[in-house]
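Peer 1: Spelled out, the chains give:
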Amino acid sequence: MSPASSNWLAEVGAVFAKEWRAELRTRYALNTFALFGLTTLFTASASLGTLSIPLAERAAVLPVILWLILLFALTAGLPRTFVHEEETHTATALRLAASPVALFVGKQAYNLVLTLALEALVAPLFLVLFDLEVQNVGVFLATLVAGAFGLATGSTLVAAMIAAAQGKSTLFAVLALPVLLPLLLFTVQLSRSALTGEAPGQALPALLLYDASVAVAALLLFPVVWNP
Amino acid sequence: METGTLTWVLAVNLVIWAGIFLFLVRLDRKVRELEKKS
Amino acid sequence: MRKILQLALLVLGWLVILGGFLWAPLGKGFLGHSSRILFFHVPMAWASFIAFIAAGVWSVRYLIGRDEEHDRSAAVAVELGLLFGVLATVTGAMWARTMWGAFWNWDPRQVSIAFALLFYAAYLALRSSIPDEEARRRLTASYAVLGLAIAPFLFFIAPRMVPTSLHPEPVINAQGKPAMESRMLMVLIGGFVWATALFFWLHDLGRRCARVVARREAPPLPVE
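Chains as they are written, first to last, in our numbering: chain A, 1 to 228; chain B, 1 to 38; chain C, 1 to 224.
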């Protein structure tokens, strides 16, 4: 490994570690995720679970609830990624300390781990509370992981964009939703086919392609977004 | 659909387009004046 | 020259309206006169499409050259794209009510246009909430470029996921041939020219208005 690339990896690791230290000090995002995910999930299951909808219909209809819960939990917890840096005036120090790409990858990795943690909490509970059975575990897990990657990448870039704006938290939802909606279409369809056992069709390649193009766009745009 | 209704819709459309057009021409003139002033 | 072009546009608009209502025959398989909305709906959808493409191109050019003028062009193009997009959606919904029985059916086309309108409305929301001018231009341009990255998913991939679209074939179908009666096609082409010219005229006007406003609001030069 050349020294340049090991430096770069070290920068990514440093950003990632710094994010976790800051997170574990307050547990802001983790608490938000846990509380938001649990309350919305319980509300949905309390009002829908009593209707005794047949299993086949549940499997077809409910995936959208899982993904909406994940999406809105993320919009409650992730905007802090860069807003925090502006508020505590650490943004300038970060600009000097890390290259933009390393900073983005570090923050994105941190957000990815947070998203996976949220999914690890919400998805099993979702299956239990709505009494669903996953027919195709591979597709379900692949959807969760690829979905988390796309959600984390898009959210990280949008979070960087709103750091300079006013009314940050509402604006984050407004900006992130149209960007993440295609991803949601794909993941909902994939989870549905994982629950019903149908063939997933073209949705998985479409989701992977979406992840790849958002990642490329984010890597190209982030230096522009971050450096005045 | 009766021919009468169609004629009405047609006439209304023609007038609306003429109205939009006149508005745009006036706007064009106004902007050019403002550009000269500043 | 400008006067002549403007008058030509006025006459062209009248001709398209007259041709669409009187001269062109009714489309086969359409209920009543519902096919006549095609001459307005399709050109507006086209105009909104080129407006969004133009906004993307101008945003990229802004990020490369950092020329304020390109940023203004992009913003005006987004506004016009939204205007034409809403008109296309409304005319489409009117037609859907006649043909499919409901204003909104979540046909893949309706899904794509609804998401596109959401995205560009979000662009304007971002634009209005960044106080610093340089940051506003840079960030909105980046957001528009991000839109270019996800647009293919909205317009080409997501509609394919749902196998059943009731939307009539695009003007040029899979065989690359226009499947339409020749008089209808001529009026429709007139409509395309009309909408395109109208877009560029409106865009020119909007950009110049924005420039005049910006010049007015600019702080006076500091006195030495």
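It is worth saying that the hints were derived from the structure and are not from the lab.
The structure displayed is predicted, hence computed values, not measured ones.
Please note that the accuracy of each hint is not assured.
Have a look at the derived ranges for each label pair, beta carbon to beta carbon [unchecked claim]:
| no. | chain 1 | residue 1 | chain 2 | residue 2 | range |
| --- | --- | --- | --- | --- | --- |
| 1 | C | Ile64 | B | Arg29 | 33 to 41 angstroms |
| 2 | C | Ala102 | B | Glu33 | 29 to 37 angstroms |
| 3 | B | Val25 | A | Thr170 | 55 to 63 angstroms |
| 4 | B | Phe23 | C | Val213 | 15 to 23 angstroms |
| 5 | B | Arg32 | A | Gln202 | 48 to 56 angstroms |
| 6 | C | Gly65 | B | Phe23 | 31 to 39 angstroms |
| 7 | C | Trp104 | A | Thr43 | 55 to 63 angstroms |
| 8 | B | Lys37 | C | Val90 | 34 to 42 angstroms |
| 9 | C | Glu181 | A | Thr50 | 29 to 37 angstroms |
| 10 | C | Trp104 | A | Gly49 | 25 to 33 angstroms |
| 11 | A | Glu87 | C | Ile4 | 32 to 40 angstroms |
| 12 | A | Gln166 | B | Asp28 | 55 to 63 angstroms |
| 13 | B | Asp28 | C | Ser128 | 24 to 32 angstroms |
Every residue gets a Cβ at the ideal spot worked out from N, C-alpha and C, and that includes glycine.
Peer 1: A separate judgement is required for each hint: does it hold in the structure or not?
Peer 2: To see whether the hints hold, each was checked on the structure:
no., hint, in the structure
1, Ile64/C x Arg29/B: 33 to 41 angstroms, "holds, 34 angstroms"
2, Ala102/C x Glu33/B: 29 to 37 angstroms, "violated, 49 angstroms"
3, Val25/B x Thr170/A: 55 to 63 angstroms, "violated, 41 angstroms"
4, Phe23/B x Val213/C: 15 to 23 angstroms, "holds, 19 angstroms"
5, Arg32/B x Gln202/A: 48 to 56 angstroms, "holds, 53 angstroms"
6, Gly65/C x Phe23/B: 31 to 39 angstroms, "holds, 33 angstroms"
7, Trp104/C x Thr43/A: 55 to 63 angstroms, "violated, 27 angstroms"
8, Lys37/B x Val90/C: 34 to 42 angstroms, "holds, 38 angstroms"
9, Glu181/C x Thr50/A: 29 to 37 angstroms, "violated, 57 angstroms"
10, Trp104/C x Gly49/A: 25 to 33 angstroms, "holds, 29 angstroms"
11, Glu87/A x Ile4/C: 32 to 40 angstroms, "violated, 58 angstroms"
12, Gln166/A x Asp28/B: 55 to 63 angstroms, "violated, 35 angstroms"
13, Asp28/B x Ser128/C: 24 to 32 angstroms, "holds, 26 angstroms"
Hint violations for this structure: numbers 2, 3, 7, 9, 11, 12, all remaining hints satisfied.
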